[in-house]
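Chemist: As a plain string of letters, each chain reads:
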Amino acid sequence: MEVAAADVEAHKEMKVGLGFRPQLKSDIFLHQNEIDFLEITADHYFEATEPKNAELELLKQHFPLIPHGLGLSLGSAEGVDEVYLEKLAKLVEDIQPEWFSDHICFTKSGNIDIGHLSPVPFTDESLKVLIRNISKVKNRIKTPLILENITYMFRYPHAEMDEAEFLKILLSETDCGLLLDVTNLYINSVNHKFDWRKFLDILPLERIVQLHFVGGHKHQDYLIDSHSQKTQDEIWEVYREVCQRADVKGAILERDENFPAFAEILEEIKTARELSEKSNFSKSHDV
Amino acid sequence: MDFLFDNPLTNMSGPLFLIIYGLIMLFSVIFLILFKSNLDWTSKLPAPLIPTNPDPFEIAYLRGGENEFARALVFALTQKGFLNITTEGKESYICLAQNQPNWTTLSQIERNALVWFQTKRKTSEVFEPYGIKEIIKPFSLIFEQNAIQNNLLTPEDVKTKTKRFSYLIFGAIALLGGYKLIAAIIHGHFNLLFLVGFTVIGFLIFRYLGKTKRLSQLGKQYVESLQNAFERLRENPKIAKEYYSQSMPVLNSVDPLLLAMGIYGTGVLVGNGYSDFETAFGKANKNNQDSSYSGCSSGCGVSCDSGSSSCSSGSSCSGGSSCGGGCGGGCGGS
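Residue numbers (the working numbering), protein chains in the order written: chain A, 1 to 287; chain B, 1 to 334.
I should point out that these hints are in silico values taken from the structure, not numbers from a laboratory. Where hints are given, some of them may not hold.
Only part of the chain A face toward chain B is listed, based on derived beta-carbon distances under 8 Å [to be verified]: (1) G19; (2) Q23; (3) F29; (4) L30; (5) H31; (6) Q32; (7) A48; (8) T49; (9) L58; (10) H62; (11) Q229; (12) K230.
Calculated lysine-lysine pairs in the DSSO-like style (CA-CA distance at most 30 Å, straight line) [to be verified]: (13) K44(B) with K52(A); (14) K80(B) with K60(A); (15) K90(A) with K44(B); (16) K270(A) with K218(A); (17) K25(A) with K80(B); (18) K44(B) with K25(A); (19) K80(B) with K52(A).
According to the in silico footprint, chain A covers these stretches of chain B (three or more CB under 8 Å from chain A) [to be verified]: (20) 165 to 178; (21) 225 to 232.
Only a predicted model underlies this, so the values are computations on that prediction, with no experimental measurement involved. Beta carbons: idealized from backbone N, C-alpha and C, even for Gly.
Please take these sequences and the hints and turn them into a complete structure.
Modeler: Here you go:
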């Protein structure tokens, strides 16, 4: 924790931002004053075309950027893809972000790209794989890496621990921060019938650096993290609770589909900001 | 004196000299192009940030001078229902709409322009001097000053240096050609057509290279940044307008179609219910070019030459203000 956490803690507060999607670009520039920072999908800028490079330069000029990777595949037993890691490292060096993030999952197996964020089993063996891979990433990229929890539609049999315990060990062993996706947490808690408050009780909250929030949708009996809906009240409740308990540095609205009028997106950002400010206020008064 | 006209250079065969002469010219052109790109010091400055409330008129002015500004203004008034564009035969006309919306909703600049349209006008008149361009001049001057202050227009020192340097290089080349010409005549050779031809072509090339773009490197970069930031408007401004109208009547107080036109030109209007406007102004461009008002390229406005041949002097063209009627009309949109 000494290195990464100290680095992260030294960062100034980043407040609330938006996951950059090209469809929102015009609005983002017209409302730059209402967006504190942007999270970009790192993979979209590897071997980018000239317009994409120009876009990245433009974004860098106007916003603090956080690269968010999709394909490090930290849970792959065969190790991290060197080529991918190199591309990511170059992007991170170019952007010089305060931190970068990827998911606690695997997206490749046997060198085959699954095209999906797949959950890892909550076992010691998985932990070893993740720790080994994360160590390799940290050796190559000195910028702090933070790890994001994902949703899972099923639990692997023979799990040796629950997710919260798994995350706690992983974060401690790798000295990484946590990108807590409150939507994913809420969805998992509903789909797998656990209490998200108890989940938070187990998590090392001091490790939480950033949040993701967005609305999902219900399909039959399951909630799906489709990133396609307005953030639901239940998810705001998780968000509020996390902000009250942890010193979060930033939160990102991660809308990917079914884009609403931008006013709705701005409203969500405003709500997130108000909730975090209220939480900070109450925390300072607790002290 | 013997050596002056009796040396390896003067005795060189014509074809060989022409090859060497051509190569010298070619390398000089390459050198000048490289020199020009390094001369514009604005490229080292950080580009201005994208404004949160971009002014489509100012952007149109920056991109293509007064003509683009006037065009954007007419479009704004047409879109708001104050003006109609009609076609009679081969000519397009702009006149006041019969049912005038409330003038109080208009900005000062739009009100001033509307007064000019109390009389029915040909679209080509929009680009003529002393018409609407005279009315919008005070605003153009403000835009011009802003652009100069932000180093978005090619600085005067860069223009002067580029011109001087290109003429200096050409002068040296012409001197060489002239020397060979005299030597050839002294030696009784009069088949000098290629030598003269090469020199004339060289002059035209260097005269062209001696001109600078209206926009500085920084200005070009800024316009490209705007085009990048608002590319969704170009991809489909009609959809963009519908999309934005859901959230707010205007895009942070900016009309998305007008902004698209300001950034990309009238070409962006094709297929969006405003094709008539684009067609009418396309004709106006052509008419004006025929009547030699136009000296500007029809690209994105970012390549409008300041020293275009139709301008009486380089300085009067520095803001694109007297560059005629056809500048930048066909950008984007495709």
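Chemist: If a hint holds in the structure, say so; if it doesn't, say that too.
Modeler: Against the structure, the hints come out as follows:
1. G19: This hint is violated: G19(A) lies away from chain B, its Cβ roughly 16 Å from the closest one there, beyond 8 Å.
2. Q23: The hint holds - Q23(A) has a Cβ within 8 Å of chain B, the shortest such distance being about 7 Å.
3. F29: 4 Å, holds
4. L30: With Cβ-Cβ at 4 Å, under 8 Å, it holds.
5. H31: 7 Å, holds
6. Q32: 6 Å, holds
7. A48: Nearest chain B Cβ about 13 Å off; hint violated.
8. T49: 12 Å, violated
9. L58: 5 Å, holds
10. H62: With a closest approach of 6 Å, the H62(A) hint holds.
11. Q229: 16 Å, violated
12. K230: Hint on K230(A): violated, closest Cβ of chain B at ~14 Å, above 8 Å.
13. K44(B) with K52(A): 21 Å, holds
14. K80(B) with K60(A): It is violated: about 36 Å lies between the C-alpha atoms, which goes past 30 Å.
15. K90(A) with K44(B): 24 Å, holds
16. K270(A) with K218(A): With Cα atoms ~25 Å apart, K270(A) and K218(A) stay inside 30 Å; holds.
17. K25(A) with K80(B): 26 Å, holds
18. K44(B) with K25(A): 26 Å, holds
19. K80(B) with K52(A): 35 Å, violated
20. 165 to 178: That given contact is violated, which follows from only 0 residues of the stretch 165 to 178 of chain B lying within Cβ reach (below 8 Å) of chain A.
21. 225 to 232: holds (count 6)
Against the hints set out earlier in the document, violations occur for numbers 1, 7, 8, 11, 12, 14, 19, 20.
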